[in-house]
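Take the two lone chains, each set in its own frame, and fit them into one complex as the hints suggest.
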Amino acid sequence: MVVGVGDGVRGTHREMSSCFLDEETFCQCCQLFLQHSHSLCDGWSWQQVKGSEEGYLRKTTLGTGRTRCNQDQQGTSSDQHQERTFSLSFHDDDDDDDGAVCCIQEESSSVVQYEYHILYSCSYQTPVLYFRASTLEGRSLCLEEVWDSVHPNYRQRLQHRPWDTITQQEHPLLGQSFFVLHPCRTEEFMKPVLKAALEEHRQVNYIVTWLSVVGPVVGLDVPLSYCTQVPEPPHTPSSSPQPPALGTKPG
Amino acid sequence: MADDKDVLRDVWFGRIPTCFTLYQDEITEREAEPFYLLLPRVSYLTLVTDKVKKHFLKVMKAEDVEEMWFDFEGTPLKWHYPIGLLFDLHASNTALPWSITVHFKNFPERDLLHCPSNSVIEAHFMSSIKEADALKHKSQVINDMQKKDHKQLWMGLQNDKFDQFWAMNRKLMEYPTEEGGFRYIPFRIYLVNELMGIPRIHDSDEIPSKR
Numbered sequence: 001m002v003v004g005v006g007d008g009v010r011g012t013h014r015e016m017s018s019c020f021l022d023e024e025t026f027c028q029c030c031q032l033f034l035q036h037s038h039s040l041c042d043g044w045s046w047q048q049v050k051g052s053e054e055g056y057l058r059k060t061t062l063g064t065g066r067t068r069c070n071q072d073q074q075g076t077s078s079d080q081h082q083e084r085t086f087s088l089s090f091h092d093d094d095d096d097d098d099g100a101v102c103c104i105q106e107e108s109s110s111v112v113q114y115e116y117h118i119l120y121s122c123s124y125q126t127p128v129l130y131f132r133a134s135t136l137e138g139r140s141l142c143l144e145e146v147w148d149s150v151h152p153n154y155r156q157r158l159q160h161r162p163w164d165t166i167t168q169q170e171h172p173l174l175g176q177s178f179f180v181l182h183p184c185r186t187e188e189f190m191k192p193v194l195k196a197a198l199e200e201h202r203q204v205n206y207i208v209t210w211l212s213v214v215g216p217v218v219g220l221d222v223p224l225s226y227c228t229q230v231p232e233p234p235h236t237p238s239s240s241p242q243p244p245a246l247g248t249k250p251g
Numbered sequence: 001m002a003d004d005k006d007v008l009r010d011v012w013f014g015r016i017p018t019c020f021t022l023y024q025d026e027i028t029e030r031e032a033e034p035f036y037l038l039l040p041r042v043s044y045l046t047l048v049t050d051k052v053k054k055h056f057l058k059v060m061k062a063e064d065v066e067e068m069w070f071d072f073e074g075t076p077l078k079w080h081y082p083i084g085l086l087f088d089l090h091a092s093n094t095a096l097p098w099s100i101t102v103h104f105k106n107f108p109e110r111d112l113l114h115c116p117s118n119s120v121i122e123a124h125f126m127s128s129i130k131e132a133d134a135l136k137h138k139s140q141v142i143n144d145m146q147k148k149d150h151k152q153l154w155m156g157l158q159n160d161k162f163d164q165f166w167a168m169n170r171k172l173m174e175y176p177t178e179e180g181g182f183r184y185i186p187f188r189i190y191l192v193n194e195l196m197g198i199p200r201i202h203d204s205d206e207i208p209s210k211r
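Residue numbers (the UniProt record's numbering), protein chains in the order written: chain R, 1 to 251; chain Y, 1 to 211.
There could be a bad hint or two in this list.
[What the hints assert, rightly or not] Calculated cross-link-like contacts (lysine to aspartate or glutamate; reagent style DMTMM-like; alpha-carbon spacing at most 25 Å):
| id | chain 1 | residue 1 | chain 2 | residue 2 |
| --- | --- | --- | --- | --- |
| 1 | R | K59 | Y | E109 |
| 2 | R | K50 | Y | D111 |
| 3 | Y | K78 | R | E200 |
| 4 | Y | K138 | R | E188 |
| 5 | Y | K138 | R | E115 |
| 6 | Y | K138 | R | E24 |
| 7 | Y | K138 | R | E23 |
| 8 | Y | K171 | R | E187 |
| 9 | R | K191 | Y | D144 |
[Claimed, not checked] Among chain Y residues calculated to face chain R with C-beta under 7 Å, some are:
| id | residue |
| --- | --- |
| 10 | P108 |
| 11 | E109 |
| 12 | R110 |
| 13 | I121 |
| 14 | I129 |
| 15 | K130 |
| 16 | A134 |
In case anyone wonders, no lab produced these hints; they're calculated from the structure. Every residue, glycine too, gets a C-beta built ideally from N, C-alpha and C.
Isolated chain Y, as found in the complex (with noise of 0.2 Å):
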């Protein structure tokens, strides 16, 4: 892994450039300016925008302001996927700044989880790398550790800090080629033209038997 450390360093700390505009129809006391941000590319909506929450809230009254959300150019973004695949799956084509525009009203309840807390950030993504580890080590890894060293690497997320991260990180994406290395490889696929798409479901009396 040590030669591999740069290229690390420098997923980790890819940034988009961001512009946060208030949604037209959202009731304000006075126009609201729109707010700029660095965002992380590996990390979560909802975990990197107090600021910007912050910023709008100081132009509304209070029983305006629901769960926030985010648009852009119509599709509400799914927060439980990180910053960086949304904008390659969104704007890649599209000139910087990332402009999305803020929600405080109507939130979209079919298509976007609620995200009430930071607990639930943590969960989602403590979610993930089960998942993942399952795929990888059949869970071991990840069900020998302690819970602390579960906290750490959350909190290495939260708190941007990379060594704190990968301190945890290393023990997950190790690969001990005597005993086989990984039993798979996980990874996920995002396909641009399904991500509106509902894939077209159809009832079926029988269930297919087997390829």
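So that you can see chain R by itself, here it is in the shape it has in the complex (with noise of 0.2 Å):
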């Protein structure tokens, strides 16, 4: 079972069935599931920053997206146009005095690269999936077009909470310009999943069933052999619960 530990030190009721993910457990899943990935030839691999003992798990693929035309023409600085950011319905500003917005565009299904990463996020104590999308001929997708190639059975959940959901955001490793899945909720859908492997003595492997989850959302497919031949890493007794020292990290 995967437990956070660190935390039980002010006498606050900790369930067992922990959501939160410390980074050496995170650890671990990723290399159970990077075995798994090597044996299905599934694209991933660990990419280790020199000089650190920090991470990520990394996968590139080919897929469909749901693109404009034209970009390259428009002016994105209008005021208009921003408000549309996480709505899906375009609006004809023909009163825009500033030019062409992007809306308008005709959209078309092209082939678009992704790239999927999958890091370790110390103030959440959660994995947290950071991903880019760029055209075959190099061009980055926009959030609005990045918006459209969700799946429409997802887009609703995600158009709920705005600021929840799929934002850019800068890769806290790389430095550059990533969209992020926001993993403040991550908690609100691991803790049901988590608690019921418990009660039924089922091994879970925390980066399986969170990916499982959020993947798709964002077009990454997980194969369900994943779930029945990744283990859980097994579990190590956690250290007595004394407050973690000064200048540590949590967990």
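The following block contains the structure:
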């Protein structure tokens, strides 16, 4: 059972089925995940930051996405355009003095290269999915195009709370722009799954479970064999519940 | 917190005199004069530069204008870093006013986040607040606040209203000693020499076992 360590310290009640992940368990889950990926030739690799213990899982795929034609000819500085960022309906901005607005253009389905990274977030103690997408000519997709590429089944859920879902962020290790599925709701869906697994004495690999929920939303497929073939990392007895020393990372 | 009020005010009202110059290769109908502005340290470039945009748009044709972005001595400025931080990282050793170059073309896609509207800045700001509270209070304070409280926090920043902002922010800065205070203190360290460097990443088949 994956349990976040280091927090029973202030006498607050802590459920057995914690939905949080410490970094060591994250690495162990990734290692097991990676082994299965190699056996399937599923394309995942581990990228290590030189001189540090930090790293992330990475995979690139080719998929289809909804892209705009004539992207370069538009002025994206229009203020009218922006409120549409999280809405899927497009409005006519004929009276916009700044010129053409991107939402009027026709969309088409084209081949898109996706790059996915799975990182660990110390702040949220969960994994986080970063990704970027570009056309085969190397043009990066904008947020609207990424939104359009999200399967209709998932769009409504994401629309509810715009600033909790897909946003553009700086990659914590590379410093480049990526899209991110915000991690602050991870607890909500992981908690019941982990609790049920505990009660039913089932093994759960946190990364597999988590990725099977968030991956498909952004076009990342997780073959079913991951769920049956990838074990939980061996449970190490948690260290005695002392408060972490000042200056060390949580967990 | 009462004793800190003066310090809080000084931090909030910190300003950086800045000179905005249009990039020489931008296409203009006539020469563009530089534009001077006092930038608030605790805000974001894209939030406070509407006047800059309006100023330069006067001498440009609409079709030559795309998303505005800034550079300092050739380095694109990340709008999602607070202005004071950008100045301290890039220009603290240079003479005032801070000279920033304005661009309307060739947006550096890999390096900069897009900022099509203020909602994006708001989302980014609130995301940072949430992350900080995850560390301080396990997100309890931010989650207990209502949507209108979140909005007030943002509006306080957007409209440069110290009292409005701190009316909400003080809840997030509460440090109840009887409950052990902050769980963790959130802070970010920015290393100057890492700024333009890309960390060296290599493929590894093995994930190192933990310390």
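Query raised in the report: Can you list which hints this structure breaks, lowest number first?
Result: 3, 5, 10, 13, 14
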